[in-house]
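Which chain is which? The protein sequence lines are B and E, in order. The numbering of the first sequence is my numbering, which starts it at 21 and goes up by one. The numbering of the second sequence is my numbering, which starts it at 20 and goes up by one.
Errors might be hidden in some of the hints.
Distance ranges between label pairs, derived from CB positions [claimed, not checked]:
1. E/Leu52 <-> B/Ala468: 40 to 46 Å
2. E/Pro66 <-> B/Arg74: 16 to 22 Å
3. E/Ala97 <-> B/Ser636: 50 to 56 Å
Some chain B residues close to chain E (C-beta under 10 Å, calculated; not the full set) [as the list claims (entries may be wrong)]:
4. Glu91
5. Val129
6. Cys131
7. His139
8. Thr201
9. Ala203
10. Leu465
11. Arg838
12. Tyr874
13. Glu892
No wet-lab data here; the hints were simulated from the structure. Don't be surprised by glycine CBs; every beta carbon is placed ideally from N, CA and C.
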Amino acid sequence: MSPPISRRGILRGTLGGTVLVSESCAPPKIVGERAEAPGLAPPDAGADTVASPRLEFTVNGAARSLEVDPEHTALELVRNDLGLTGCKESCGHGACGACTVLLDDAPVVACLLPAVALHRRKLTTVEGLAPAGELHPVQRAFMAEDALQCGFCTPGFVVAASAFYRRWRAEHADREPDRDTVAAALAGNLCRCGAYDGIIRAVQKASAGAYEKPLGPEPAAPRYDARDKVTGAARYTVDVRLPDQLEGKILRSPHAHARVRKVDWSKALKLPGVAGVVDLLHGSTTLHFAGQEIAAVAAVDARTAEAALAAIELDLEVLPALVGMDAARAPGAAPVYPTRNTRKSAPNSSEGPLLPLGWDGNVRGPFKLFSTHKLKARGAVDKLREQPAEGVLVEGTYKTQVQCHSSHEPHACVAHWTAADAVTVHLSTQAVHAVAEDIAERWGLKRANVRVLAPYVGGGFGSKAALQLECVAAVALAKITGKPVRVALDRREELVTGGLRPAQEIELAVATDRDGYLQGVTARAFADAGCGIGATSTVLLRLMYAKAPKDIADWDVVNHAPPGKPFRGPGGPPIFWALEQAVDVAADRLGLDPVLLRKRWDPNPARNQLYDWALSLKTWRERQPAQSDRGRHRRGLGLAVGGWFYFVQPSARVQLDAGPDGIVVSTACQDIGNGTRTVLAETVARVLGIAPAEVVVQIGDSSFVPGPTSGGSRTTASLVPAATMAAEQLRDELLERAQALAGARGVAVAGGVRHPGGLVTWQQLLAGSPPLRFVGTRKRDQGGYFLPPMSDLAPGRYVAGALQIVEVEVDTRLGRIRVLRSHTGVAAGRIVAPALARSQVLGGVIQGIGYALYEERRLDPRSGALLTAGLEDYRITGIGDIGELDVHFVEDGYERVNGRSVGFAELVTLAPAAAIGNAVAHATGFRPRELPLRPDRVLQGVRG
Amino acid sequence: MTTLELPATLDAALGRPGEPRAGGTDLTERRRLHLSRGTVVDLRDVPGLDAVTWREGQLHIGALVTLAAVAEHPDVRARYPAIAATAAAVATPQIRARATVGGNLLQHVRCWYYRRPGADCLKAGGTGCPARSGDHLFHACFDLGPCVAPHPSSLATALLAHDVRIEVAGDREHTLASLYGDGSDARRQHLLPPGAILTGVALGPPLAGEQAAYVRAISRARAEWPLVEVVARLVVADTQIQTAIVTVGGVANLPLRLGAVEQLLTGKPATEETLRLASAVAADGAKPLAGTAYKLDLLRGAVLDALERALADKPTAAPAAAPAPT
């Protein structure tokens, strides 16, 4: 398989060397075909089709009459025929609620509602909840309580909540509903970012009448772009509709392993409404997983494109498939990549470039570059194996499952060639700037002729950080058809190729001396990144208990399954699942408080502040001895810590334009729910002493000055210093102007310049001013970086810390684990936007709960086909599963970091699973080793 | 090509080829997956199927009554609490607002092989059961026939605990047994002939003093298909269990009634010990698949849970003009 997309990792060279770029990013020749005389009218209705039924109904208060395709859903009608794109398609089968609308005041999912059911009914979408220009009380509450992150699920939540609000207030007036009542009412809505805590609070307060009237001038929200997100006005890539836009669909391998003899698309091309086909194999003849992309078709609409896919004749030689690590490691298993060249083509599942490693059949490795004093570590472990009385040795194998990113906005792209050598690409991406560079390189275009647009992105979590095949397909199809082409994955496709965190088997040993001092850690990790390679986890052990000797190594075990991708804190949740449970076992055997033992081992100053915080918590001080409950429901408290890098993108720029029309801050960065707009507005506003809403923020466009990729926890650390610098330059310029005007030196104060004659505001100083422009850069940290910047990325000198305490209740009868409450402490420097920071922390915890308890991708063991193909079977945390959540920030300790702020999006999702594992052991004595903690595993565990 | 029929009366809806559509919450997805092709007979305009009415001491629930309406109906809650509790636990609020009694009873299995394009599944017209030899983590532990997908209808599990008649236009009246068969015919989802329309269910007279519970064993708090589900109905008089009905779902390709459990309850003192002894036989006779043995333990636990909750439930009042209990 030649790599269809760049093998360059999103960190672009943290480990040095970008050799692979040149071989994999050569401008490809598009292999494809355009339909001869493309009949771009929709295909004629056959003679046996009934006439399209006519519907009479009201939409958001207005009467409508229109004919519909009898097969269409209300979702298709609302989005395509009515253009009401606040109604989102996410799962497509009623599990996520993103398409919730009101049918005669009852919330229903539009994706499962036949369009004809609307006849003589009243339909209300998010756009119609309040009169134009006004807000529904629930919308106000969502804004004020910051009940959202990426915003993609928000309209569905708002609509469902509005129905609850109406009913609750009719029955209970101003009484506030409790958390579980709200959770029950919103059990049909899922949020992948994990903004549930704010959502519950918003709905409680709105239902109690707290948001009946506007709270001062709107928007009153801590999140800069909240209003567009709660009203459905925010346009995501999937919402883009250009004139003459075609719909692209991807033909995928039905087999996990096959040789392609022939792909014949001649019949598909002749179908009415089909405009073109492109090849996605790029010369490769072997298919390595079920769902692998083969070709893509563009047609007038999705159904025609799907019919065209079915008309493509595939001649495949089906080959035996190895699904999962056990099959791939079995004696005599045929190699997935039998030759040096095929090995070179294996997809890169990591963030960085791949280092050359040895192969033994399907096992690649070991990668052991980051061991330190490894003989000492091994010696410490070996010694205790022979002389167990000399200390404490904790050994075990820990297993984790494949976790899918499953962003609620799927991977989507709308490509439009505006000239023969210029393309505009609407893309759901974490990297408008970097992907624009990739597109320019791949198609041999000038960088200025490529424009990537992503004003709103419905989640990414690492899966949208590089050039992906949906983009390649859309750009190629748009090129050969000469029309805009949209390619958006459906949920099944998203769960196959949208991205996944590799499964891991980790053999870990922790050795202490008799006094409980850490003597060594050894770890061997085997990663199942499907047919992908480069997934590592043990390297992260270097972030923890830094003084201890470590003998660590990683292997890939390749098999016929979809390739892994970097996922929020790559490698982190698996290795912390192992390490932090082992530390608890050691504490137990040493008879020490788990916090004190960690404090003893851990020189990290950030985490030490968190240990002290944990020790001060009433929850921790008053915790019961292990296994205090002996009945059916058993409660336990568990703690785990995590450490993570922060990164800086030295090229990051922030531009500030100021003039009579106001102040505009812009950069080629994007918001994936993390709050980029807010961070920029807050930073500029803080320098000038004005309200953030007075700053216009423009992002999500690669034509702005280069901005950071939203990945690798680098956005805040990269943007804040650059924005500060630009704002300070503006401030200083205006100070000088004030001096010239007033004839006396003034001082900058909130809102303007104070001088002996009084206050002159920034607006006054800018009135009549020629346009001013300043571009701020990201200057290096004091003392430099941990490593010098390579390929435009520098790892910082500090390791940020997070500590989680989770209380669970284990139902030993039905095997269910319920999270009752959690406390999360984060030491990551100054917090720029507190409400958003809190939400991001909670989102990490909530995703961690899903990882620990529910999420699990399963493939058919023989065919390799995806079984957990929707959000019914691929279960993410629901609104009723989060318990009470508490967050604590330690803000000092980053004085030498430019801006004093670092990112923590990844940091906060590392330890929750381990904390839950420790809590389960504390509650029941059952020490879990394998994720997720499904009821069957819990029952087996507690029965012994 | 698709043909959509929108009959205006029940008579006009009868005898047409194709699949009837009520709320569409199951059929819409199957259309998208091409598991349902051809004509759809949409019951949108058919009147008279969406009422809950008493007739001669029996409660009739029309086929187009939604699960939300069943869960909230005061008579269902007061007289048939197990049915109300079951309906309230199905799926999500959005689904319950559209899904109907008829659609719930006739929906197709949720098996992840059946709903996968191209699977060689008996119910999808194939030759075998890929779940049996493949990944069947959520499948049956009572092996009643070639298909091992659990029966998808929670409502059927609740109805099985009641004296119920299934009213069908264009065919004879059915019991649940005649509607679903014995589980040996893997190719069919139910046994209604083409062209027939399920019009409603008639519930036998309520039990006075009934204490009921519904337990759904799932991993999250809500909105999941049950690993195991249990409906328990008890009537206790003078601390003796007079009547005990226990049905279970999620464990077989049919909802099952646990006669052995009922026997160990009936006539016994209403004590924790009785419930424990009775629930201990809940999985007797089960034949789990390689991956579903855990459901035996879970089933015994869920039955005990349901019995305990039923015993803690407030007894239903005796109706003013109550028909004699069955």
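Evaluation of the provided hints:
Restraint check, leucine 52 of chain E to alanine 468 of chain B: a C-beta distance of roughly 45 Å satisfies the suggested window 40 to 46 Å. The hint said 16 to 22 Å for the Cβ distance between proline 66 of chain E and arginine 74 of chain B, and at roughly 20 Å that hint holds. With their beta carbons about 52 Å apart, alanine 97 of chain E and serine 636 of chain B fall inside the hinted range of 50 to 56 Å. Interface hint at glutamate 91 of chain B: satisfied, since its Cβ lies 5 Å from the closest Cβ of chain E, which is below the 10 Å cut-off.
The closest approach between the C-beta of valine 129 of chain B and any C-beta of chain E is roughly 5 Å, which is under the 10 Å cut-off, so the hint is satisfied. The beta carbon of cysteine 131 of chain B is positioned within 10 Å of a beta carbon in chain E (closest approach about 7 Å), and the interface hint is therefore held. A least Cβ separation of about 7 Å between histidine 139 of chain B and chain E falls short of the 10 Å threshold, and the interface hint therefore holds. The interface hint given for threonine 201 of chain B is violated, since its Cβ lies 12 Å from the closest Cβ of chain E, which is over the 10 Å cut-off.
Taking 10 Å as the C-beta cut-off, the interface hint given for alanine 203 of chain B holds, the closest approach to chain E being about 7 Å. The closest approach between the C-beta of leucine 465 of chain B and any C-beta of chain E is roughly 37 Å, which is over the 10 Å cut-off, so the hint fails. Because the beta carbon of arginine 838 of chain B sits about 7 Å from the nearest beta carbon in chain E, less than 10 Å, this interface hint is met. At about 6 Å, the closest approach between the beta carbon of tyrosine 874 of chain B and any beta carbon in chain E falls short of 10 Å, and the interface hint on this residue holds.
For glutamate 892 of chain B, the shortest C-beta to C-beta distance to chain E is roughly 7 Å, which falls under 10 Å, so the interface hint holds.
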